[in-house]
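A.B. asks: Now for the letters of each chain:
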Amino acid sequence: MYVIIIGGGKVGYFLARDLLDRGEEVTLVERDGSRAEFLEGQLGTCVMRGDGDEMAFLRTTGIERADAVLAVTGEDEDNLVALQLAKHHYNVPVTIGRVNNPANVQIFKALGVDEAVSATEILLGALESSIGRDETAPSKD
Amino acid sequence: MIVGCGRVGSRLAQSLETAGHDVTLIDRDPGAFTRFVGRGVLSSQLVDKAVVGDGCDSELLRRAGIEGSDAFAALTEGDNRNIMAAQIARHVYNIPKVVCRIYDPIREEVYRGMGLQTFCPTIDGERTVSAMILGKAG
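These protein sequence lines map, in sequence, to chains A and B. Per our numbering, the first sequence starts with residue 341, numbered consecutively. Per our numbering, the second sequence starts with residue 973, numbered consecutively.
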């Protein structure tokens, strides 16, 4: 499986490390030069410095043959555009995005992204299932 | 509704408002509105109803009244922000007329191909200057 990860922050770094450990082929794309250098020191040659929304650069990552693209930068709009380009222009079969604003989970899906994950939403869900249920249940009992 | 209170956004907002339309301006920088009032571009009435916030935030757009609007222009400095805001307006809120500025000619071509009404100041500027140099300007 060939996976392209856009955004070399903490999420992108651990994703790439985990997938490499599993023997998958990975390209990790990072915009910032010094961050890319650090990542290369940790992960090796799978790191590429560039913009995940620049078409000319995306082509150099071999995106046409990618099985999946994951966009995990801290900016929802950058993730959306990178994934739409992957989906609509390069026909990548699986596109997954990280979103910061929980409302963007639905919006990403409506705009053609296969899967969107919001840490905020997951944390809220965890909070509700731990506390919220106990508080709302008694009125029915 | 206009997202992005820069040189283009502020002038467009004022000319539409002067022509009798009801305009809401959105910018994440509150200083953007006062800057263009100071330059005499924006009236204080327009600034009074302007909204500070992220134009890519669907909830903020709803609170700013996007559901009742007839047209939407995405005119921030960021191509991706414009692309996202314009698509939310078009596909989530079904605004009939949506215009999106994209500086990158390649991205502009892709999103135009996907049905977004876009324009590219880079190409427009190149054509204008080229026509002037080659003596084809009107």
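Simulated from the structure, these hints should not be mistaken for lab results. Hints may contain errors.
Said to hold, decoys possible - Result set (SDA-like, lysine to any residue): computed pairs, CA atoms no more than 20 Å apart in a straight line:
hint	chain 1	residue 1	chain 2	residue 2
1	A	K449	B	R1034
2	A	K449	B	L1088
3	A	K427	B	E1031
4	A	K449	B	D994
5	A	K449	B	N1066
6	A	K427	B	K1069
7	A	K449	B	E1031
8	B	K1021	B	R1035
9	A	K449	B	G1087
10	A	K427	B	V1082
11	A	K427	B	I1078
12	A	K427	B	G1087
13	A	K449	B	D1076
14	A	K449	A	S469
15	A	K449	B	M1086
16	A	K449	B	Y1065
17	B	K1021	B	D994
18	A	K427	B	R1034
19	B	K1069	A	A450
20	A	K427	B	G1085
21	A	K449	B	K1021
22	A	K449	A	L467
A.B. asks: All the hints need checking, so say for each whether the structure fits it.
C.D. replies: Here's how the hints hold up against the structure:
Among the hinted pairs, A:K449 with B:R1034 is consistent with the structure: their alpha-carbon atoms are about 19 Å apart, no more than 20 Å. For a cut-off of 20 Å, the pair hint linking A:K449 to B:L1088 stands: about 17 Å separates their Cα positions. Restraint check for A:K427 and B:E1031: the C-alpha separation of about 26 Å exceeds 20 Å, so the hint is violated. Restraint check for A:K449 and B:D994: not satisfied, since their Cα atoms lie roughly 32 Å apart, outside the 20 Å limit.
Annotation: proposed proximity of A:K449 to B:N1066 holds, straight-line Cα distance about 16 Å (limit 20 Å). A C-alpha spacing of about 25 Å is found between A:K427 and B:K1069, which places the hinted pair above 20 Å, so the restraint is violated. Using a Cα cut-off of 20 Å, the hinted pair A:K449 and B:E1031 holds, with the two alpha carbons roughly 16 Å apart. For the hint linking B:K1021 to B:R1035, the alpha-carbon distance of about 12 Å falls within 20 Å, and the restraint holds.
The suggested pairing of A:K449 with B:G1087 holds, with an alpha-carbon distance near 17 Å, which does not exceed 20 Å. Under the criterion of a C-alpha separation no larger than 20 Å, the hint pairing A:K427 with B:V1082 is consistent with the structure, at around 12 Å. Distance hint between A:K427 and B:I1078 is fulfilled; the C-alpha atoms sit about 16 Å from each other, no more than 20 Å. Distance check on the hinted pair: A:K427 and B:G1087 sit about 15 Å apart at the alpha-carbon level, within 20 Å; holds.
Proposed proximity of A:K449 and B:D1076 is contradicted: the alpha carbons are some 25 Å apart, above 20 Å. Note on A:K449 and A:S469: the hinted pairing is violated, with a Cα-Cα distance of about 25 Å set against a maximum of 20 Å. The suggested pairing of A:K449 with B:M1086 holds, with an alpha-carbon distance near 16 Å, which does not exceed 20 Å. Simply put, A:K449 and B:Y1065 have alpha-carbon atoms about 15 Å apart, close enough for the 20 Å limit, and the pair holds.
The hinted pair formed by B:K1021 and B:D994 meets the criterion: a straight-line CA distance of about 10 Å does not exceed 20 Å. Our distance criterion of 20 Å between C-alpha atoms is broken by A:K427 and B:R1034, whose separation comes to about 28 Å. Distance check on the hinted pair: B:K1069 and A:A450 sit about 19 Å apart at the alpha-carbon level, within 20 Å; holds. Distance hint between A:K427 and B:G1085 is fulfilled; the C-alpha atoms sit about 14 Å from each other, no more than 20 Å.
Straight-line distance between C-alpha atoms of A:K449 and B:K1021 comes to about 32 Å, which puts the hinted pair past the 20 Å bound. For the hint linking A:K449 to A:L467, the alpha-carbon distance of about 24 Å lies beyond 20 Å, and the restraint is violated.
Of the numbered hints stated above, those contradicted by the structure are hints 3, 4, 6, 13, 14, 18, 21 and 22, listed in ascending order.
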